[in-house]
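Going down the list, the protein sequences come from chains A and B.
Numbering (my numbering) for the first sequence: 1 to 198.
Numbering (my numbering) for the second sequence: 1 to 198.
If you are wondering where the hints come from, they were derived from the structure by calculation, not from laboratory data.
Nothing here was measured: the structure is a model prediction, and the numbers come from that model.
Treat each hint with caution, since some may be false.
As the list claims (entries may be wrong) - Straight line, CA to CA, 20 Å or less: simulated SDA-like cross-link-like pairs of lysine to any residue:
| hint | chain 1 | residue 1 | chain 2 | residue 2 |
| --- | --- | --- | --- | --- |
| 1 | B | K23 | A | V127 |
| 2 | A | K137 | A | T168 |
| 3 | B | K23 | A | G99 |
| 4 | B | K23 | A | E96 |
| 5 | A | K23 | B | E96 |
| 6 | A | K23 | B | P18 |
| 7 | B | K23 | A | G109 |
| 8 | A | K163 | A | V127 |
| 9 | B | K23 | A | K190 |
| 10 | A | K23 | B | G110 |
| 11 | A | K190 | A | V127 |
| 12 | A | K23 | B | V17 |
| 13 | B | K23 | A | I95 |
| 14 | B | K77 | B | I95 |
| 15 | A | K23 | A | P38 |
| 16 | A | K23 | B | R97 |
| 17 | B | K77 | A | T124 |
| 18 | A | K137 | A | L160 |
| 19 | B | K23 | B | E36 |
| 20 | B | K23 | A | K137 |
| 21 | A | K23 | B | N74 |
| 22 | A | K23 | B | Q15 |
| 23 | B | K23 | A | C73 |
| 24 | B | K137 | B | C44 |
| 25 | A | K190 | A | L160 |
| 26 | B | K137 | B | N74 |
| 27 | B | K23 | A | A94 |
| 28 | A | K23 | B | G109 |
| 29 | A | K23 | B | R27 |
Claimed, not checked - Some chain A residues near chain B, calculated using beta-carbon distances under 7 Å:
| hint | residue |
| --- | --- |
| 30 | G3 |
| 31 | L7 |
| 32 | V8 |
| 33 | Q9 |
| 34 | R27 |
| 35 | H31 |
| 36 | F32 |
| 37 | L33 |
| 38 | V40 |
| 39 | A46 |
| 40 | L47 |
Just so it is clear, CB atoms sit at the ideal spot from N, CA and C, and this is done for glycine as well.
Number of protein chains: 2
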Amino acid sequence: MDGLPTLVQLLRQLQRVPYLASKNLQRVAQHFLTLEEPQVAAFCQALLEAKRNLVTCSTCCAWQERSGHCIFCNSPKRDHATICVVETWHDLCAIERSGGYHGDYHVLGGALCPLEGVGPDDLTVEVLVGRIGPIHKEVVLAMNQTPEGEATATYVVRSLRDKEILITRLAQGVPAGGSLEYTDRLTLCKALSERKVY
Amino acid sequence: MDGLPTLVQLLRQLQRVPYLASKNLQRVAQHFLTLEEPQVAAFCQALLEAKRNLVTCSTCCAWQERSGHCIFCNSPKRDHATICVVETWHDLCAIERSGGYHGDYHVLGGALCPLEGVGPDDLTVEVLVGRIGPIHKEVVLAMNQTPEGEATATYVVRSLRDKEILITRLAQGVPAGGSLEYTDRLTLCKALSERKVY
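If we strip away everything but chain A, and leave its shape as in the complex, we get (with noise of 0.2 Å):
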């Protein structure tokens, strides 16, 4: 590719784009290629756009528009005494999809992990400390069930040792649809452990 140095830098700022199969490259640059001049000035507008009109919230740290209010923190139709604590954006869209929750957020902004070098100043864990007050009733920790997700989990707990307010996290168990054939060892004695009066 030698002799084609505008498809190379092309090729070299989609590498950078996370989820994007290596394998994949080739095709999504045809892709670009092959969309009309207008499009493709579109689709960079959208994303100039979205990185001068999009902030994250001071209280609860999730997107907002630059000129509007947070669509959660100034919500009328919420309970702003509950904070769901999330990793990422996408957790707490996962969250919201599932129709299940109408209180707050808050965004931690990732999850521990000293191996990457994510450490709990990387996370908006003191923002969530400071925003506490006695308004609020309780924090619902939503955090990934991994190694990360759960230090960070313990983390979160121990920063707010000092708040008199109830913590509680997701229920862990057999998720819906699943088999008890094909669930892991570890899911099912925490479905157990965990058992409900029926």
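Since chain A is already given, all that's left is putting chain B on it; use the hints.
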């Protein structure tokens, strides 16, 4: 997401990119939002410049710089008597990576697929027929081993029937590293019928 029009616009643009699973859309959006603005600008510039500067070679239909020459057709190191016909640019790249071919190419721009509305006029078969002259000795058909690829190969062969040129196709058989136990029946049948003297 009603209160986040900029984010919705970004997701809508990302949705049109192929090979980006919808599960990853939020993560890719997150990636672009956490980049610095100059990095997003560089990404957009690479896209727009690629769109402006890359055109298809009028001979072989591969990508070339608008201001330059085709790196295949104009290379003094390549054997211009042989033309390898491929469906797409990424198939061409796969063959280049193999290092086993040093002739010219011809990019058809896809494969015949009546169900998706891709007919002979959408491919560059006419250009291929028109470019074959006395200096050409061999056309290597390198379509994918799919029904569409095979239909396309048949069509190309028929289009070339008036040309006095050797037409070959890629060998079919057991892939490198493939174990016979896990090779499908059709592949084994083809490997047997095309067996070679040891």
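Hints and how they fare:
1. Note on K23 (chain B) and V127 (chain A): the hinted pairing is violated, with a Cα-Cα distance of about 29 Å set against a maximum of 20 Å.
2. Between the alpha carbons of K137 (chain A) and T168 (chain A) the distance comes to roughly 11 Å, so the proposed pair stays at or under 20 Å and holds.
3. Of the pairs offered as hints, the one joining K23 (chain B) and G99 (chain A) holds, with about 18 Å between alpha carbons and a cut-off of 20 Å not exceeded.
4. For a cut-off of 20 Å, the pair hint linking K23 (chain B) to E96 (chain A) stands: about 15 Å separates their Cα positions.
5. At roughly 15 Å between alpha-carbon atoms, K23 (chain A) and E96 (chain B) fall within 20 Å of each other, so this suggested pair holds.
6. Between K23 (chain A) and P18 (chain B) the CA atoms are separated by roughly 12 Å; this keeps the pair inside 20 Å, and the hint holds.
7. Restraint check for K23 (chain B) and G109 (chain A): the C-alpha separation of about 18 Å stays at or below 20 Å, so the hint holds.
8. At roughly 14 Å between alpha-carbon atoms, K163 (chain A) and V127 (chain A) fall within 20 Å of each other, so this suggested pair holds.
9. Simply put, K23 (chain B) and K190 (chain A) have alpha-carbon atoms about 27 Å apart, too far for the 20 Å limit, and the pair is violated.
10. Under the criterion of a C-alpha separation no larger than 20 Å, the hint pairing K23 (chain A) with G110 (chain B) is consistent with the structure, at around 18 Å.
11. A threshold of 20 Å between alpha carbons decides the hint, and for K190 (chain A) with V127 (chain A) the separation of about 32 Å lies outside it, so the pair is violated.
12. For the given pair, K23 (chain A) sits about 15 Å from V17 (chain B) by alpha-carbon distance, which is consistent with the 20 Å threshold.
13. Only pairs whose Cα atoms come within 20 Å are accepted, and K23 (chain B) paired with I95 (chain A) is accepted, the gap being roughly 14 Å.
14. Of the pairs offered as hints, the one joining K77 (chain B) and I95 (chain B) holds, with about 16 Å between alpha carbons and a cut-off of 20 Å not exceeded.
15. Taken as a hint, the K23 (chain A) and P38 (chain A) pair is broken in the structure, with Cα atoms around 27 Å apart against an allowance of 20 Å.
16. Between K23 (chain A) and R97 (chain B), the direct Cα distance comes to roughly 13 Å. Compliance with the 20 Å bound is thereby established for this hinted pair.
17. For the given pair, K77 (chain B) sits about 58 Å from T124 (chain A) by alpha-carbon distance, which is inconsistent with the 20 Å threshold.
18. The straight-line distance between the Cα atoms of K137 (chain A) and L160 (chain A) is roughly 13 Å, inside the 20 Å bound, and the hint therefore holds.
19. Our distance criterion of 20 Å between C-alpha atoms is broken by K23 (chain B) and E36 (chain B), whose separation comes to about 24 Å.
20. At roughly 33 Å between alpha-carbon atoms, K23 (chain B) and K137 (chain A) are farther apart than 20 Å, so this suggested pair is violated.
21. Straight-line distance between C-alpha atoms of K23 (chain A) and N74 (chain B) comes to about 28 Å, which puts the hinted pair past the 20 Å bound.
22. Between the alpha carbons of K23 (chain A) and Q15 (chain B) the distance comes to roughly 19 Å, so the proposed pair stays at or under 20 Å and holds.
23. Among the hinted pairs, K23 (chain B) with C73 (chain A) is inconsistent with the structure: their alpha-carbon atoms are about 26 Å apart, more than 20 Å.
24. Taken as a hint, the K137 (chain B) and C44 (chain B) pair is broken in the structure, with Cα atoms around 43 Å apart against an allowance of 20 Å.
25. With a CA separation close to 25 Å, the supplied pair K190 (chain A) and L160 (chain A) exceeds the 20 Å bound.
26. The suggested pairing of K137 (chain B) with N74 (chain B) holds, with an alpha-carbon distance near 18 Å, which does not exceed 20 Å.
27. Between K23 (chain B) and A94 (chain A), the direct Cα distance comes to roughly 10 Å. Compliance with the 20 Å bound is thereby established for this hinted pair.
28. Taking the CA atoms of K23 (chain A) and G109 (chain B), the gap is near 18 Å; set against the 20 Å cutoff, the hint holds.
29. Between the alpha carbons of K23 (chain A) and R27 (chain B) the distance comes to roughly 19 Å, so the proposed pair stays at or under 20 Å and holds.
30. Against a cut-off of 7 Å between C-beta atoms, the interface hint on G3 (chain A) holds, since the closest Cβ of chain B lies about 4 Å away.
31. Hint on L7 (chain A) holds. Least Cβ distance to chain B is approximately 6 Å, under the 7 Å limit.
32. A distance limit of 7 Å between C-beta atoms decides the matter here; for V8 (chain A) the minimum to chain B is near 10 Å, and the interface restraint is violated.
33. For Q9 (chain A), the interface hint holds, the least distance from its beta-carbon to any beta-carbon of chain B being 5 Å, beneath 7 Å.
34. At a threshold of 7 Å, the smallest CB-CB gap from R27 (chain A) to chain B is about 6 Å, leaving the interface hint in force.
35. Hint status for H31 (chain A): holds, given a least beta-carbon distance of 5 Å to chain B, under 7 Å.
36. For F32 (chain A), the shortest C-beta to C-beta distance to chain B is roughly 6 Å, which falls under 7 Å, so the interface hint holds.
37. The interface hint given for L33 (chain A) holds, since its Cβ lies 6 Å from the closest Cβ of chain B, which is under the 7 Å cut-off.
38. At about 5 Å, the closest approach between the beta carbon of V40 (chain A) and any beta carbon in chain B falls short of 7 Å, and the interface hint on this residue holds.
39. Because the closest C-beta pair between A46 (chain A) and chain B is about 4 Å apart, less than 7 Å, the hint holds.
40. Among the interface hints, the one on L47 (chain A) holds; its C-beta lies about 5 Å from the nearest C-beta in chain B, closer than the 7 Å criterion.
Against the hints set out earlier in the document, violations occur for numbers 1, 9, 11, 15, 17, 19, 20, 21, 23, 24, 25 and 32.
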